[in-house]
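Enquirer: Protein sequences appear in the order of chains G and V. Start counting the first sequence at 1; every next residue gets the next number (the working numbering). Start counting the second sequence at 1; every next residue gets the next number (the working numbering).
Think of the hints as simulated: they come from the structure by calculation, not from any bench. Note that the coordinates shown come from a computational prediction; the quantities given were computed from them, not determined experimentally. Treat each hint with caution, since some may be false.
To give a feel for the contact side, a few chain V residues facing chain G, derived at Cβ under 10 Å [claimed, not checked]: (1) ARG139; (2) ALA151; (3) THR154; (4) GLU159.
Covered stretches of chain G, as calculated for chain V (at least 3 residues, CB under 8 Å) [stated by the list, open to error]: (5) 4-14; (6) 30-38; (7) 64-71.
C-beta atoms are modelled at their ideal positions from N, C-alpha and C, and glycine is treated no differently.
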Amino acid sequence: MKADPSLGFPIPVVDQDTQPFWDGCERGELRIQRCGACAAWLWQPRPICSSCQTPDPVWTRVTGDGVVASWTVLRPPTLPAFASMVPFVVLLVTLDEGVRLLGYLVDGAGQVCQTDGSAEGVRTGRRVRLRFHEQAGVPLPCWTLA
Amino acid sequence: MTRPARVARHRQAAVVGIHALPFSKNIGMTERRAGGLAILGALADAGLAVRDVDAMYRFVWENTTEMEMARILGIENLRAFGEVDYGGGAGAPTVAHAALAIENSLADVVVTWRARNRSSGGRPWVSQMHAVGQDQFERPYHIVRPVDGMALHTRFWIEKYGWTPEDLGRVAVTQREHARRNPAALMRKPMTMDDYLSSRLIADPLRLFDCCLETDAAIGMVLTTAERARDLDVTPAYVTGFGMGSGPQMTAMTFYYGEALGVTPSRYVAPELWSNTGLGPKDIDVVQFYDAFTPQIPLGFEEYGFCAEGEGPAFLRSSACPLYNTSGGGLSEAYVHGFNLLVEGVRQVRGTSTTQAANVRHALVTSGNVVPTGAIVFSKEPW
Chain G
1 MKADPSLGFP
11 IPVVDQDTQP
21 FWDGCERGEL
31 RIQRCGACAA
41 WLWQPRPICS
51 SCQTPDPVWT
61 RVTGDGVVAS
71 WTVLRPPTLP
81 AFASMVPFVV
91 LLVTLDEGVR
101 LLGYLVDGAG
111 QVCQTDGSAE
121 GVRTGRRVRL
131 RFHEQAGVPL
141 PCWTLA
Chain V
1 MTRPARVARH
11 RQAAVVGIHA
21 LPFSKNIGMT
31 ERRAGGLAIL
41 GALADAGLAV
51 RDVDAMYRFV
61 WENTTEMEMA
71 RILGIENLRA
81 FGEVDYGGGA
91 GAPTVAHAAL
101 AIENSLADVV
111 VTWRARNRSS
121 GGRPWVSQMH
131 AVGQDQFERP
141 YHIVRPVDGM
151 ALHTRFWIEK
161 YGWTPEDLGR
171 VAVTQREHAR
181 RNPAALMRKP
191 MTMDDYLSSR
201 LIADPLRLFD
211 CCLETDAAIG
221 MVLTTAERAR
231 DLDVTPAYVT
241 GFGMGSGPQM
251 TAMTFYYGEA
261 LGVTPSRYVA
271 PELWSNTGLG
281 PKDIDVVQFY
291 DAFTPQIPLG
301 FEEYGFCAEG
311 EGPAFLRSSA
321 CPLYNTSGGG
331 LSEAYVHGFN
341 LLVEGVRQVR
351 GTSTTQAANV
361 RHALVTSGNV
371 VPTGAIVFSK
381 EPW
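In isolation and in its complexed conformation, chain G is listed as follows (with noise of 0.2 Å):
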């Protein structure tokens, strides 16, 4: 991944319990952890599983599906990088797999929506699909209603 923080936006600082995540994310794949003992879905990235304490959750990759849990829509002040994008919509989405994370509304082609959210309906429980927008050289997950 070649980030440049020079663009203003918020880097991730990759570790090894992170990386294999991100490097997912380049290849155009979500990455999800699941423990191979008892098939648990964790998030955030953990180097061992939560619920029976077994060390090393699997990555696997998942299709992204989910419905929206919750949603805002972000005005100034905002970070001079994200000034010229609002309003924008983010997402809280729930995974088919149980496990939240966090992404823009974006459209089809993964461009984040300068939007409300209004015109495109947003509300929770609406289904939504992967996309990924890439920002400063970073792959980031996201999502478009489906």
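Given chain G, work out where chain V should sit, using these hints.
Expert: For chain V alone, coordinates are given in the frame of chain G:
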């Protein structure tokens, strides 16, 4: 599980000194100077001196360490010291640690304080561009301001409980009324419900007037033993008890990743608090709920058992609702990570609030409900 009664403990702590420098948008001095002056003011309020101090506790987010402050003030030896993390969750737990040091005879006179140039010093999130740990999955999407994290919870609560904008506006308007009676409060202009409803959205569904102030502030607090407190020329606020809690899968502010969305750490604190104090919500005469954002007030009444889940807004409208956030709180007096709420709880016990509740026996003060947190009860009478 049965717990040993706290009344079996051999020493009780009491707050005997409080002092706040004037709240402002620009205090014009360093946090270490402001903090030092606030501590000296609190000691003077108690009738104690620096030579009496033998322990200090602070927020992790307090930029001046207790060692630096002890050096500045010339404290001979700290017999106990420590820090509590998690921003707005740290207030009551910091005072609780001070009380624990006294109860367990680690120390006799404990100082704690909060000095923060949160207005003139700029917004901390502006410079946090390297997203470490949990932040790497949040900050790139601009979940960076406290209001961003809170907005996602608030949407969930609004939809689950059927809150209206007026339900949250009532909190903002009520606390502004309290601030208008408090000469120390920064926001004393009248606020109507229309003013609230027409304030601009910051992170939907949260508006400007759902958010706390950004303040330069410094507040000191001194605790000592109940026995010594009785020899001082102050009305002691006895520490009857406290509780702390995190809940599962806690990431602070953005704890969306556990199984039950919207269940706050305060729901885990409440049973600890009531068990620890031997009290219940019916015993509480006045409350100061942590209020970085308006939703924390109706939720606070639910979390601590004043009313059932989902009934917070109705409870706020009822005659059973005790006075809350009587200084104006974080929304209209000053935002100091809730330390102003702690000294206001002490004032209620002393009988010196500008929005004084009648016959206060027990005053509840909570810390931030969306971070690892705690709550404390100050009382008029000792155990």
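Enquirer: Double-check GLU159/V for me: the hint is only fine if its C-beta lies closer than 10 Å to a C-beta in chain G.
Expert: 6 Å, holds
Enquirer: Do the numbers back the hint for ARG139/V, that is, is its least Cβ distance to chain G under 10 Å?
Expert: At about 4 Å, which falls below the 10 Å cut-off, the nearest Cβ of chain G leaves the hint on ARG139/V intact, so it holds.
Enquirer: Verify the coverage statement for the stretch 30-38 of chain G against chain V, using a C-beta to C-beta distance below 8 Å and requiring 3 or more qualifying residues.
Expert: violated (count 0)
Enquirer: Does the nearest C-beta of chain G fall within a distance shorter than 10 Å of the C-beta of THR154/V?
Expert: Holds. Min distance 8 Å.
Enquirer: How does the stretch 4-14 of chain G fare against chain V when you require at least three residues with a CB closer than 8 Å, holds or violated?
Expert: holds (count 8)
Enquirer: Is the listed coverage of the stretch 64-71 of chain G by chain V valid when you require three or more residues with a beta carbon under 8 Å from a beta carbon of that chain?
Expert: Our answer is that it holds, as 3 residues pass the Cβ test (under 8 Å) against chain V, meeting three.
Enquirer: Does ALA151/V meet its interface restraint, that is, does its C-beta lie within less than 10 Å of any C-beta in chain G?
Expert: Holds: closest Cβ of chain G sits about 4 Å from ALA151/V, inside 10 Å.
The structure does not agree with numbered hint 6 stated previously, though it agrees with all others.
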